[in-house]
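Peer 1: Chains A and B, in that order, are what the protein sequence lines are.
If you count the first sequence from 1, you need to add 351 to reach the working numbering.
If you count the second sequence from 1, you need to add 19 to reach the working numbering.
Source of the hints: derived by calculation from the structure; they are not laboratory data.
Hints may contain errors.
[As the list claims (entries may be wrong)] In silico DSSO-like links for lysine-lysine, alpha-carbon gap of 30 angstroms or less:
1) A:503 / A:513
2) B:249 / B:267
3) B:175 / A:513
4) A:513 / B:249
5) B:348 / B:171
6) B:175 / B:249
7) A:647 / B:348
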Amino acid sequence: MPHDDTKGLSRRGLLGLAGAGVVGAGLGVGGAFAVNGGGSTSTSNDVASTYPFFGEHQSGIITPAQDRLHFAAFDVNDISRDELIELLRDWSYASARMTAGQAAGEYGPAGGPYDAPPDDTGEALDLPPGGLTITFGFGPSLFDDRFGLASKRPTALIDLPKFPSDALLPELVGGDLCIQACSDDPQVAVHAIRNLSRIAFGRATLRWSQLGFGRTSSTTQAQTTPRNLFGFKDGTANLRAEDTEGVNEHVWAASGDGTAWMAGGSYLVSRKIRMTIETWDRTSLREQETIFGRTKGEGAPLSGGSEFTDPDFEQTGRDDAPLIDDASHVKLAHPDTHGGAQILRRGYNFVDGNDELGRLNAGLFFISFQRDPETQFVPIQLALSRNDLMNEYVRYVGSAIFAVPPGASSSSFIGAGMFDLA
Amino acid sequence: MTALSPRFGYAAAATVAALALTGCVPNNVGTTAASNTITVDSSATDCAVSSTEAPSGNLVFSVTNSGDQVTEFYLLADDGLRIVGEVENIGPGITRDLVVLAQPGEYFTVCKPGMVGEGIGSTPFTVTDSGADLSFSGDIAAQVEAANANYKSYVKDQIENLVVGTEDFAAAYIAGDDDTARALYAPTRVFWERVETVAESFGDLDPRMDLREADLEDGQEWTGWHAIEKDLWPEDAEAGFEAYDQSKREALASQLVADTNTLYANVQELEFTLDQQTNGAIGLLDEVASGKVTGEEEFWSHTDLWDFQANIDGARVLYDGVRDILVEKDADLAATLDEEFEQLQVLLDAQREGDGFRLYTELSTSEIRAFSDQVNALAEPLSRLTAVLVL
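Same shape as in the complex, but just chain A:
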């Protein structure tokens, strides 16, 4: 039966949120804390800014990288294909509301039937939208025989190979579904994941989730390059939203790529990279700069220039040794080393408390978007895992890959094309 997504949550979704079988009214009716959504702005850090949920592409990819992340991977329960579709409809409905600065459900956190729990958890009450984006993805395991989707698995959605120096923890790997929530306010991002998890109870359960602070790359030219927890600028050479040609070539899947329903989508790879920052902090500045191939202060390539000067891998110094080491991070990750392959990086720093040895459980939650992981992400990661001087100070503990479908129209839902419902 056709289902108009703007009409509200399914009864089951409402059960998750409120337990009251009320059929919703439209967007923008309730929203006790609705901050005027307005149009999107392109300025990150403008707390009142919003980005549209519906559109050709999902937001949260070339959107100017917000400062905070809550990323979550889910496993789908033993439900039917129709129930999965209903979950995606419900998620789309609530996401459209939350990204517009509204409550997850129509009554909001402080309204509705007095004997029912509120249909929004409330911690985003009084907070601005903070540029919230909510981006959905589908893992390889979703395309097994449970939902009749095996024939829909995108050819580019590969199973990642085992990379050398992977020390993956099974509980931090994979997932049927993922949600990336980004905002300039950490509580707004958490609010999104929390409410979407609640909506999913009984249909999908949280497999792992990750908080991130401090974006580690810029996705627009206006953004300054941030620093990772090694103290170095990260993502200087990242693809930028303004580079339409580059984004079309390297980020967005096209209908001719082999999976028509993915046109306008992308592929997300996440890698949780633990940094042994205690030992890193004991290394000399000489070694630190050699490992990166850039200066720590300005971020200039060691071959000279300033931050955005192209590295010159031929430039030699004393004893004709290259100024940029062949095993440095900038050399191994550079497009020139991989036949021009580029990725759009959108990672975040994390500190998850400390481990049992009193070391900060710190690192980089790497996220990259690309059109074809096999020819873009995999060769870059292989080169890094094999030879990167940095490997002594990092270990890869989490890993996942997801097909990020194209954006939905306002009358549809995320992933509709996969069910031939678009």
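Model the placement of chain B on the given structure of chain A, informed by the hints.
Peer 2: Then chain B, alone, in the frame of chain A:
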């Protein structure tokens, strides 16, 4: 300088810069000029210094390359020849600091764009007497040379022992005498671990000899010590793991022996600079911190404490080699390092059992935590050694 205890008194110049930053200003470490910082502009035609005079003590020359060739900057003694301090490989547009502990006297500053020839912009530079006591007794150059010679002998000796031990281990393993092979495993690896930073510096040999299973990539053949370790201690292996057959045993063992002999040949002509020795010590502590304290190195045999002790042995040898020089330059740091080495050894000695150690899996969480804390307590001051000695 009194704000920090001697233990955390980082090189004086750096401390001045860091303390100047504690106000509400953007963090801009490295670009805030300390009072004793002299800026140098190395251009295509000149080597312009912001001052030609400074008081004795720590001096920072902040050298900016404004030319278009890779440049170098030198502080030369009054004969215009002997190098007091240098910073090399400065790419165009890049700024890098030279920190020197300068005695009163006459010097020359000179830049060398293009890294060839006599250099340009040679300028007299005077260091006035600030009253700070910077005098050293003894001949530091001779001590450095002696330390280098001693460490060369040590490395060769350890690898020689490794060759002999590996041959015995391989013979027992091939013969199917697993009890003997297991008994020889940890005591033989000690010779590798003592000089691990040197042994692993041969990029092609290290992965063949010492790779852990977790570090393999898809399709890569696993050889070396740890591949054999798993076969000898299969208790924790995954379901379905099959003991190696005789031909695989022979292949692994003979390759390990051959690689060890190659390693032996490779180390015969090695020379070690002072900073290679001191950085080697910190490198060994890092090996302990990232592999042994966590029990990841000897994943199957759990003999991590043998390796732990061997890494510390090697670091101690490196430290002892330069300790006399350190005592003259920074007696407080030497006292701290002596104390922290001793404390770590107390912890290790408490875990001795027979000729070896308890297994990693027998350690309590608090014992492991105590090891980790003490490794940090030693490694943090040890990481200052290079800068103190080469200044």
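Peer 1: None of the hints should be skipped; say for each whether it holds.
Peer 2: Hints, verified against the model:
1. Of the pairs offered as hints, the one joining residue 503 of chain A and residue 513 of chain A holds, with about 25 angstroms between alpha carbons and a cut-off of 30 angstroms not exceeded.
2. Our distance criterion of 30 angstroms between C-alpha atoms is met by residue 249 of chain B and residue 267 of chain B, whose separation comes to about 13 angstroms.
3. Distance hint between residue 175 of chain B and residue 513 of chain A is unfulfilled; the C-alpha atoms sit about 37 angstroms from each other, more than 30 angstroms.
4. A threshold of 30 angstroms between alpha carbons decides the hint, and for residue 513 of chain A with residue 249 of chain B the separation of about 20 angstroms falls inside it, so the pair holds.
5. Distance check on the hinted pair: residue 348 of chain B and residue 171 of chain B sit about 24 angstroms apart at the alpha-carbon level, within 30 angstroms; holds.
6. A C-alpha spacing of about 29 angstroms is found between residue 175 of chain B and residue 249 of chain B, which places the hinted pair at or below 30 angstroms, so the restraint holds.
7. The straight-line distance between the Cα atoms of residue 647 of chain A and residue 348 of chain B is roughly 29 angstroms, inside the 30 angstroms bound, and the hint therefore holds.
Going down the numbered hints, you'll see the structure goes against just number 3.
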